[in-house]
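Novice: Chains as they are written, first to last, in this note's numbering: chain A, 324 to 538; chain B, 21 to 255.
Since the hints were derived computationally from the structure, they do not count as laboratory data. Note that CB positions come from ideal geometry on N, CA and C, so glycine has one too. Take the hints with a grain of salt, since some may be wrong.
In silico contact screen, one side only, chain B against chain A (beta carbon under 8 Å); selected entries [said to hold, decoys possible]:
hint, residue
1, His55
2, Ala57
3, Gln58
4, Ile92
5, Ala163
6, Leu166
7, Arg169
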Amino acid sequence: MTPVDALTLHDDEHGEDSYKVRLLLAFLQVPHRRPPMDVYPGEAHRSAAFLALNPLGACPVIVGEGFILRDAHAILQYLAAEHDPAGLWSPRAPPLAMARVAMWLGFAAELTIAVSAARRHDMLLERGIDVAVARIQAHRLLRVLDEHLWFAEQEERAWLCPQEHPTIADIACFAPAVLCEEGDISRLTYPAIRRWLDRFKRLPDFTAMAGVFGA
Amino acid sequence: MAAPEGRALRGAGVRALAADRWFTVMRSEELVPRHVAQTALLGQEIALWRDDGGGVNAFENRCPHRGVRLSIGQNTGLELRCRYHGWRFARGDGRCTHIPADPSRPPPAVLRATVYQAAVQQGFIWVALSPLDRPPPSWGAGAPWLTLRSTPVDAGVERVRAVLEAAAQAIAHDAYTFTSEVEQARLTLMLQPMCEAGTVIHAALTPPPLLADRLAVLRQYAARLARLRDAAEAP
Chain A
324 MTPVDALTLH DDEHGEDSYK VRLLLAFLQV PHRRPPMDVY PGEAHRSAAF
374 LALNPLGACP VIVGEGFILR DAHAILQYLA AEHDPAGLWS PRAPPLAMAR
424 VAMWLGFAAE LTIAVSAARR HDMLLERGID VAVARIQAHR LLRVLDEHLW
474 FAEQEERAWL CPQEHPTIAD IACFAPAVLC EEGDISRLTY PAIRRWLDRF
524 KRLPDFTAMA GVFGA
Chain B
21 MAAPEGRALR GAGVRALAAD RWFTVMRSEE LVPRHVAQTA LLGQEIALWR
71 DDGGGVNAFE NRCPHRGVRL SIGQNTGLEL RCRYHGWRFA RGDGRCTHIP
121 ADPSRPPPAV LRATVYQAAV QQGFIWVALS PLDRPPPSWG AGAPWLTLRS
171 TPVDAGVERV RAVLEAAAQA IAHDAYTFTS EVEQARLTLM LQPMCEAGTV
221 IHAALTPPPL LADRLAVLRQ YAARLARLRD AAEAP
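In isolation and in its complexed conformation, chain B is listed as follows (with noise of 0.2 Å):
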């Protein structure tokens, strides 16, 4: 977020009211091979990183090692690699797999990522931060929808959810999933709470428009969230 001060994302107090449920934090699409992405949960950062198997992977943005983002490493295809000692860790379970300081043995078990389940689920990525038994809501019962750009509010989740519920009348299904009614189209707006000071609005429209259509509705939808999101971030 454009919080300038202070590299920690201040959320603790957010984050004890939502541990345990699936948040979407990015269009799936968006997760490219080779790439580590940068998100941020409930005040905690997340490196998030798909493997050459096509499996997304969500670890704690913070070698443990010594503390340096993961999100600025290389996605090996396997493996994320730390950006400072070149420590290595696993997909799936984040296990260290090598130091390279210490070639001469296997690194110990006990050392690895912090790993957050993540999943896919209708074109997005969803994170829980407690390990849940239940895969993630399936949204207009799975029906096709587009997903739309997501987009980066300057605001707390509680203050993006009195613009959604004024301005775009939206109805609240839960305290982060929301539904609009728009020219013979849902919209469904679920979202991500990042820190104190930020959420992100992912969207996504049922049923899908023409593929003719397609760019030009994108533009018209992201043009329509930077409303509601100036709105939001508005004093």
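In isolation and in its complexed conformation, chain A is listed as follows (with noise of 0.2 Å):
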């Protein structure tokens, strides 16, 4: 097992991406720390203390025993593989299950870079961000995520991926959708998205944010 202070995240409290590692770390119970980390207004991730961390100045980080990780996918793939045994949230076979969740956490980075910007520059009134094109990029996702689930639940399936239980996928793709309304991003045409939502939002150890209600 590991102890209590062996891991510890550094996140943005707002951030989507960081918003994805709180949600697998309550899900799978792994006990951490966290200390505060003042992103906005105090900018801590432009910190020296930070930037030795992430030379990239971006959440979330987790730190363990030896090693440092930064980039959410690539912590959920950790964190998954080391504290999932079943492989329930990110399988490690068939092939194609592995590919299905790689191909996921690809869209989901992308959602979250667009929905990243309409949030922060309508509610951190961050400057230099063309948010109607982030905008535009967002809702074309979101309208091949609508399409997907909807054909999920066609075919009796609750998540992004075939399996029964929700994946690194859902988690990944969950934080920038349950979000984007922040960014004037509506959810108003993605009748499957919002089931989706609320399907997720019902798991065990599901934990909230600021802005995201329970369903």
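Hints are included, so try docking the two chains, each in its own frame, into the full complex.
Specialist: Structure, rendered in structure tokens:
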């Protein structure tokens, strides 16, 4: 078992990527430390101390016994492999099951970039963001996600990948999809996404964040 | 819709045209228990929810207290609970049943959510913004049909109509209902005008395909409707 202080999460309370990691830590009940980090307005992610952990200056980062790991999706893969021996959250076989999760992680990365830009524009008044382009891109992706989830329902599947259990791909897509309206990206025309968000929120050990409500 | 500017749907203009008729707003099986769906009709946002008795409720998507969207609220089975201050509105008449900040007395009877008429007919949920004394229409004399995936389009209803008539050789039965003969089957298309720049195409196929072909047929028509959508959205 991991001692309580073995894993440290450095995260941004409001960021989509950080939320993904907090979700999986809660689902897997992994003990960890989470020192307060003042990303906004304190810009703690640009401090010398944080840049020593991640020269990209981006959250989240986890620090464990003898390693530092950045990139939300890499951290999800690590946590699932280390703390979910049954491979429910991140299947290790068959090859196609692995590849499908990787495919949706790639999709989630694109969705996160678009949603994050729109949210930072609207909520943090960050300058230099082409918010119209970000919203168009988010809608292009959400339309694909909604159709995929609609057909999943028709096949009596609840999640992005064919497994009965949700995977880290659901976590990675959930965070930007549930937060997108804070960037004025409406889910009005995505009813299947809205139902999937409800199913996800009802998972045991689901954890919320500011702006995310229970189902 | 992908109308980024402003939260309000502009549609007062379209609304005057057709407030006194039934519109399809969703496939009935998609309104799952303990969920609150969000839709819009003629510029009016609607929170749709199914109560535990199976009844379908269509409330104006606005809490009468502080105006928060009820579609982010909670479906408790008998009531819709607003996310903001926990006011609860009963299924059926939308009457406010509980105000957490004032639990000592029942809420005044005048407090209620605005309720629209809703009905289930031929696998679809229908909503009318004005009270009507007739049931929703029954197309194809109520013959069994397969409800297809509804297709949202970022275009106004006139544009969608024009594309249906030109590209799909669809026959208009009224301003919002079209049929098209396809491979020994009849495709019925019903338009839901959401707002000035948004329409949903609801669709059903008569007769329904064999069960074994169902998924393939659903995919085939989803692709076909996506092409119509793309044509309607093209500049």
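Novice: All the hints need checking, so say for each whether the structure fits it.
Specialist: Here is how each hint holds up against the structure:
About 5 Å separates the beta-carbon of histidine 55 of chain B from the nearest beta-carbon of chain A, less than 8 Å, and the hint is met. Here the hint on alanine 57 of chain B is kept, as its CB sits about 6 Å from the closest CB of chain A, short of 8 Å. The beta carbon of glutamine 58 of chain B comes within 6 Å of a beta carbon in chain A, closer than 8 Å, and the hint placing it at the interface holds. Because the beta carbon of isoleucine 92 of chain B sits about 6 Å from the nearest beta carbon in chain A, less than 8 Å, this interface hint is met.
Using the Cβ-Cβ criterion of 8 Å, the hint placing alanine 163 of chain B at the interface with chain A is not satisfied: the shortest such distance is roughly 22 Å. Annotation: interface hint on leucine 166 of chain B violated; nearest CB of chain A at approximately 11 Å, more than 8 Å. Annotation: arginine 169 of chain B was flagged as interfacial toward chain A, and the flag holds, the nearest CB pair being 6 Å apart, inside 8 Å.
The structure shown violates the earlier hints numbered 5 and 6.
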